[in-house]
Amino acid sequence: MKTSIGIAGLVLAVLAAPALARAQDGRGAVPGGRGGAPASYPPYTRPASAFVPPRTPDGQPDISGLYVAIPLPRGIETPLVPMAGRGPNRANSEFSYSINERPKLPEGAIARPVGVDPPDGKIPLTPEALARRKEIIANQEKVEYLDGRVLCLAPGIPRSTIPAPVVGYQIFQKPGYVVIFYEQNHLYRTIPIDGRPPLDPNIRKAMGVSRGHWEGNVLVVEVTNFTNNLSNNWVIGAVSATPGVPAESLTTGHGIPHSDQYRVTERYTPIDANTIHYEAKIEDPKVFTQPWTIAYYAFARAPKNYVPVEYACFEGNDKNLLLMTNTDITGIRVNVP
Amino acid sequence: MTKPLRGIGAASVLAVLALATAAGVARAQRGAAPPRAAAAAPSAYSGPRTPDRKPDLNGIWQSVGTAHWNLEAHSASEGVPAGFSVVEGGSIPYQPWALAKRNENYKNRLNDDPLRKCFMPGVPRATYLPFPFEITQTPNHIGIAYEFAHATRTIFLDGTAHLDDLDFWMGDARGKWDGDTLVVDTVSLGDKTWFDQAGNFHSDALKVVERFTPIDATHVSYEATIDDAKVFTRPWKISLVLYRRIEKNLELLDYECAEQVYEKLFKQKTGKS
Numbered sequence: 001m002k003t004s005i006g007i008a009g010l011v012l013a014v015l016a017a018p019a020l021a022r023a024q025d026g027r028g029a030v031p032g033g034r035g036g037a038p039a040s041y042p043p044y045t046r047p048a049s050a051f052v053p054p055r056t057p058d059g060q061p062d063i064s065g066l067y068v069a070i071p072l073p074r075g076i077e078t079p080l081v082p083m084a085g086r087g088p089n090r091a092n093s094e095f096s097y098s099i100n101e102r103p104k105l106p107e108g109a110i111a112r113p114v115g116v117d118p119p120d121g122k123i124p125l126t127p128e129a130l131a132r133r134k135e136i137i138a139n140q141e142k143v144e145y146l147d148g149r150v151l152c153l154a155p156g157i158p159r160s161t162i163p164a165p166v167v168g169y170q171i172f173q174k175p176g177y178v179v180i181f182y183e184q185n186h187l188y189r190t191i192p193i194d195g196r197p198p199l200d201p202n203i204r205k206a207m208g209v210s211r212g213h214w215e216g217n218v219l220v221v222e223v224t225n226f227t228n229n230l231s232n233n234w235v236i237g238a239v240s241a242t243p244g245v246p247a248e249s250l251t252t253g254h255g256i257p258h259s260d261q262y263r264v265t266e267r268y269t270p271i272d273a274n275t276i277h278y279e280a281k282i283e284d285p286k287v288f289t290q291p292w293t294i295a296y297y298a299f300a301r302a303p304k305n306y307v308p309v310e311y312a313c314f315e316g317n318d319k320n321l322l323l324m325t326n327t328d329i330t331g332i333r334v335n336v337p
Numbered sequence: 001m002t003k004p005l006r007g008i009g010a011a012s013v014l015a016v017l018a019l020a021t022a023a024g025v026a027r028a029q030r031g032a033a034p035p036r037a038a039a040a041a042p043s044a045y046s047g048p049r050t051p052d053r054k055p056d057l058n059g060i061w062q063s064v065g066t067a068h069w070n071l072e073a074h075s076a077s078e079g080v081p082a083g084f085s086v087v088e089g090g091s092i093p094y095q096p097w098a099l100a101k102r103n104e105n106y107k108n109r110l111n112d113d114p115l116r117k118c119f120m121p122g123v124p125r126a127t128y129l130p131f132p133f134e135i136t137q138t139p140n141h142i143g144i145a146y147e148f149a150h151a152t153r154t155i156f157l158d159g160t161a162h163l164d165d166l167d168f169w170m171g172d173a174r175g176k177w178d179g180d181t182l183v184v185d186t187v188s189l190g191d192k193t194w195f196d197q198a199g200n201f202h203s204d205a206l207k208v209v210e211r212f213t214p215i216d217a218t219h220v221s222y223e224a225t226i227d228d229a230k231v232f233t234r235p236w237k238i239s240l241v242l243y244r245r246i247e248k249n250l251e252l253l254d255y256e257c258a259e260q261v262y263e264k265l266f267k268q269k270t271g272k273s
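If you're matching them up, the sequences are chains A and B in order.
Residues 1 to 337 (our numbering) are what the first sequence spells out, left to right.
Residues 1 to 273 (our numbering) are what the second sequence spells out, left to right.
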């Protein structure tokens with residue numbers, strides 16, 4: 001099986017560099033890393049790659065195509081939390097790929113937790129934001145506090161790039177634009193790379209407003225103008241809360257607030273023909289005491305014959321909300337133009 | 001799908017010629033319109049092309065009209081402008097039971113229109129909602145991003161087969177170029193979407209064939225043939241014009257309909273407690 005070969009390769013790589021202790025996907029994670037271990041990871045440096053992508057007809061580095069996410073640990077926590085009781089193959093369980101094949105890290109990749117700055121890997125929340133986050137985590141049975149992704153709201157940036165149960169991506173390129181379709185909740189972003197000015201701050205978008213440019217072969221995108229009309233619009237994190245993880249840690253999307261000042265600078269670095277590395281610097285002076293950064297190998301080119309399918313989230317979500325929070329939304333109607 | 005396509009082909013060429021004449025960009029035409037099977041039907045299109053020599057549909061488009069309220073001819077009513085029918089021949093050829101159901105739908109439209117529950121609009125309704133949509137065109141895939149409820153479609157032009165046994169709100173779309181016309185064949189649309197706010201509906205047997213025929217750089221003739229033997233007595237066709245939005249620096253914005261559902265819900269809840 002290809003899958004086992006991939007995993008074996010990964011484990012070998014980890015063994016060969018014992019100081020790294022664990023792979024990006026958490027396999028081989030050893031308990032005891034929490035609390036002090038981050039210093040044992042090498043300092044983060046941006047991956048250097050000699051890979052030169054082909055060019056699109058209009059001269060952009062060509063990164064277009066179908067991709068699937070490279071799995072991260074269950075959360076994006078730093079330090080990594082050991083995943084007790086999980087079997088060796090989690091494909092089609094919490095990572096439900098349409099394919100039963102796990103994408104793997106490129107050769108020579110340094111595996112490390114995704115929180116790269118500050119080096120302690122904790123989210124530099126202000127005391128108010130930390131208190132708010134604890135309140136939200138403690139109230140997940142109430143719909144007003146429920147994770148926006150469970151409500152099928154657009155999860156914003158960088159959350160849409162953090163592996164979730166539906167993890168396909170389609171990158172298109174056309175003159176002046178890079179366009180990303182996310183299989184998760186049929187989200188999309190159109191990223192102009194034509195140097196146009198920012199949008200009026202009165203215009204807000206759930207996925208933010210993107211302005212991109214190429215720095216060599218690296219796509220750099222500034223994302224601003226995020227929606228914050230609902231207290232459930234959380235743009236950071238992944239999947240559900242890991243029990244016992246402190247609220248400052250880089251895990252889950254649960255309740256990391258953001259203000260109208262929230263902005264993200266993304267870097268998409270093609271490492272080889274099959275892999276894109278992702279870095280996101282997150283800034284919000286009203287919520288964080290300093291900018292902070294996550295980075296990881298995010299996209300692996302999808303296997304041949306991979307067909308993205310529609311993930312209709314909101315359309316069937318009423319039953320889910322009834323079960324989870326005893327809230328009935330079936331009677332609500334909104335005016336449409 | 002080959003059979004209906006053949007029939008439609010010739011008709012649509014005629015339609016394009018008519019439109020082209022109206023738009024004042026007509027070329028000299030000799031004789032009758034050639035059948036679709038003929039190699040590369042003569043095209044009135046002289047607008048920009050992509051590197052693979054297809055008409056360049058990249059950009060933001062929008063329909064203008066009243067089809068999203070009612071595909072058929074209708075007088076004005078509260079909040080609804082009057083409009084012409086976009087249905088070829090005027091009215092939709094419902095089977096008798098289905099016409100009765102449509103009329104029932106119309107009565108209950110404020111409650112039953114799936115759009116008012118913020119569900120994805122389906123095909124072809126997404127095309128003529130009063131919201132723009134953006135086409136991203138590559139040789140193998142065409143992506144369409146819709147502003148309403150961030151619905152998307154990926155149209156495969158690379159020979160990928162239709163998927164079996166699954167239904168999708170926005171359907172399962174496969175496309176090909178017929179000369180300068182993009183032909184999109186969409187199946188697996190399920191039975192939960194409507195065609196408009198007037199309760200026009202379909203079953204899970206719906207198949208839609210759309211033809212995007214560029215007239216010039218900023219106009220596309222759009223036709224959709226609706227085939228659903230469970231509901232209609234015969235296939236029928238709608239025709240619209242799509243207009244390119246040419247405002248500088250325009251981009252799709254958000255109509256996050258689901259947010260509005262939750263805003264209503266939270267308002268109700270805080271009102272109660």
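It cannot be assumed that every hint is accurate.
Unchecked claim - As a list, the in silico DSS-like pairs of lysine-lysine whose alpha-carbon atoms are at most 30 Å apart:
1. B:Lys176 to B:Lys230
2. B:Lys264 to A:Lys286
3. A:Lys304 to B:Lys207
4. A:Lys304 to A:Lys134
5. A:Lys134 to B:Lys176
Said to hold, decoys possible - Taking CB as the label site, the calculated pair distances span:
6. B:Asp112 to A:Ala50: 55 to 63 Å
7. B:Asn111 to A:Pro201: 49 to 57 Å
8. B:Asn249 to A:Ser259: 24 to 32 Å
9. A:Thr265 to B:Gly89: 51 to 59 Å
10. B:Gln95 to A:Gly195: 51 to 59 Å
11. B:Asp112 to A:Ser259: 56 to 64 Å
12. B:Leu250 to A:Val52: 31 to 39 Å
13. B:Glu78 to A:Ile203: 27 to 35 Å
14. A:Asp328 to B:Asn249: 52 to 60 Å
15. A:Ser231 to B:Ser239: 41 to 49 Å
16. A:Asp328 to B:Asp165: 27 to 35 Å
17. A:Ser259 to B:Gln62: 30 to 38 Å
18. A:Ala50 to B:Gln268: 57 to 65 Å
19. B:Leu250 to A:His213: 17 to 25 Å
Stated by the list, open to error - Which chain B residues stay away from chain A? Per the calculated CB distances, all over 12 Å, these:
20. Ala100
21. Pro121
22. Thr270
These aren't lab readings, by the way, just hints derived from the structure by calculation.
All C-beta atoms, glycine included, are put in the ideal place defined by N, C-alpha and C.
Run the distance test for lysine 134 (chain A) versus lysine 176 (chain B): straight-line Cα separation, threshold 30 Å.
violated, 53 Å
With d taken as the least Cβ-Cβ distance between alanine 100 (chain B) and chain A, does d exceed 12 Å? holds, 24 Å
Item checked: Cβ distance range 49 to 57 Å for asparagine 111 (chain B) and proline 201 (chain A), holds or violated -> violated, 37 Å
message = For lysine 176 (chain B) and lysine 230 (chain B), compute the direct alpha-carbon distance and say whether it is at most 30 Å.
response = holds, 27 Å
Okay, glutamine 95 (chain B) versus glycine 195 (chain A) on CB: inside 51 to 59 Å? Holds, since glutamine 95 (chain B) and glycine 195 (chain A) (Cβ atoms, about 56 Å apart) stay within the stated range.
Exercise for review: Starting from the range 31 to 39 Å, see whether the pair leucine 250 (chain B) and valine 52 (chain A) falls in it by beta-carbon distance.
Suggested key: About 33 Å separates the Cβ atoms of leucine 250 (chain B) and valine 52 (chain A), which means 31 to 39 Å holds.
*With respect to the beta-carbon atoms only, verify the hint that aspartate 328 (chain A) and asparagine 249 (chain B) lie 52 to 60 Å apart.*
The hint (52 to 60 Å, Cβ to Cβ) is violated, given that aspartate 328 (chain A) and asparagine 249 (chain B) are roughly 43 Å apart.
| field | 56 to 64 Å as the expected CB spacing between serine 259 (chain A) and aspartate 112 (chain B), which holds or is violated | value | violated, 39 Å
Tell me if the beta carbons of serine 231 (chain A) and serine 239 (chain B) are separated by a distance inside 41 to 49 Å.
Roughly 46 Å apart at Cβ, these two residues keep to the hinted range, so it holds.
Would you mind confirming whether the straight-line C-alpha gap from lysine 264 (chain B) to lysine 286 (chain A) stays at or under 30 Å?
-> holds, 27 Å
Using the beta carbons of leucine 250 (chain B) and histidine 213 (chain A), state whether their distance is inside 17 to 25 Å or not. holds, 19 Å
Falls inside 55 to 63 Å, the C-beta gap from aspartate 112 (chain B) to alanine 50 (chain A)? For aspartate 112 (chain B) and alanine 50 (chain A) the Cβ distance comes to about 59 Å; the hint holds.
The structure fails to meet hints 4, 5, 7, 11, 14, 21 and 22 from the earlier list, while all remaining hints are met.
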